[in-house]
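J.: Letter by letter, the chains look like this.
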Amino acid sequence: MNVLAFTASVSVAALAAGFLGALTGLGGGVVIVPFLVFMGVDIKYAMGASLVSVIATSSGAAASYVKEGYSNIRIGMFLEIATTLGALTGAYLAHLVPTKALFVIFGVVLLFSAYLSLRTMPRQHGTEKPDPLAVRLRLDGAYPTPEGKQPYHVHRVPLGFSLMYLAGCMSGLLGIGSGAFKVLAMDQAMRIPFKVSTTTSNFMIGVTAAASAGVYLHYGQIDPALTMPVMLGVLIGSLLGAHVLMKAQTRMLRRIFSAVILVLALQMLYKGFTE
Amino acid sequence: MSQQSYHSGPSDERVEGTIANLLRIGVIVSALLVFFGGVLYLIQDGGQPAPDLSQFQPGQLRSPASIIKEVAVLRPLALIMLGLLVLIATPVVRVLFSVIAFALQRDYLYVFFTLLVLAILLYSLFSGYLTGRGAVGVRFSSPRLLALVVNWEYHGS
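Chains as they are written, first to last, in numbering that gives the first Met the number 0: chain A, 0 to 274; chain B, 0 to 156.
Source of the hints: derived by calculation from the structure; they are not laboratory data.
Warning: the hint list may mix true and false statements.
[Claimed, not checked] Stretch by stretch, here's where chain B covers chain A in the computed footprint (C-beta under 8 Å, at least three residues):
(1) 53 to 62
(2) 76 to 89
(3) 216 to 222
Note that the Cβ used here is the ideal one computed from N, Cα and C, for glycine as well.
Bound-form chain A, shown alone:
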């Protein structure tokens, strides 16, 4: 295979991964890494390429969410202290952990993320009492709904902060955005409205990924020939995915794609236990 054919096939895979990632809400990274591994790329290069594309898609999407007032910048900035510290830890660990173990961890994380994205749990907001710590940190906010601005309170700040550190570790360790874990921390632990959680998570992913990208760069894990088609493919794929998402029957889509993710996860686990 020559450079042209290689670039073309990686572009197509990245386009599909970005599209899939946007539709499932998992993000491009968690899908592109197993894709590239499947194509015979060393997981360390795959992680580097994935991490960079994560910054591209997150920054691109965050721009519009921030403008519309969904993302809560104070929550984002505060929790980024935890995610960037976690990302540094994870990125250093990624270089120490044996490749086999990376496959196993990745497979488990993939399964868990797919499970999280499939589950839907509607909850009532705004009825609870304010949390004193959240009030002191000025985390409470309001977000746009069809009925106007809906105020909300933020709860269990220390638990959320700790979970964010773990989410950052995952991101640095595996070269993914770990959006599913960030949403879990905000939506379930801190009881932040789902829409605010997902958009603030998106806003944070770029900064988290940038923290580990510096480390990846030092270690030479970011290969330009591979990252070029991956980044452009994932970026375009996720834009298309976000566009389709607005009109699609998401429940059906999620079911189809969770099957794909299950296959990818099993493949990663298989690689981890056999090679």
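Go by the hints and put chain B onto chain A.
T.: The following block gives chain B in isolation, referenced to the frame of chain A:
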């Protein structure tokens, strides 16, 4: 956000608008650089055998300094890396801007938080180059990490 009564300076909405534009410009500039570098790369080396990435070996372009040196002679892969550097720098610039915005709003608690994040980001980007051996050696001392430092110096020289 609803706490504007706390603050003077630019409104949260204005800050949000500027952050959104910053992010958008960063992604567009980066994607253009990567695309341009990619086209050059394919024109020059499109017929060469594909790079073997099945075994990890640290690449050549690993520091901003080496990337910029190679960009000067228009090496396609260095142009791509420059685009990727712009992309990595975009969130850093966004955080830097947030520091200024919170300072203008006299929200000193958040100036502190944002500075903390900025420090972590800059540490990640530059620590390896400043000490010449990676920050790992300074911070940890377990035998495995020492092995890593030795490895680092070996590859980094």
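J.: Each hint should be assessed against the structure and marked as holding or not.
T.: Hint check results:
no. : hint       : verdict
1   : 53 to 62   : holds (count 6)
2   : 76 to 89   : holds (count 8)
3   : 216 to 222 : holds (count 7)
Hint violations for this structure: none, all hints satisfied.
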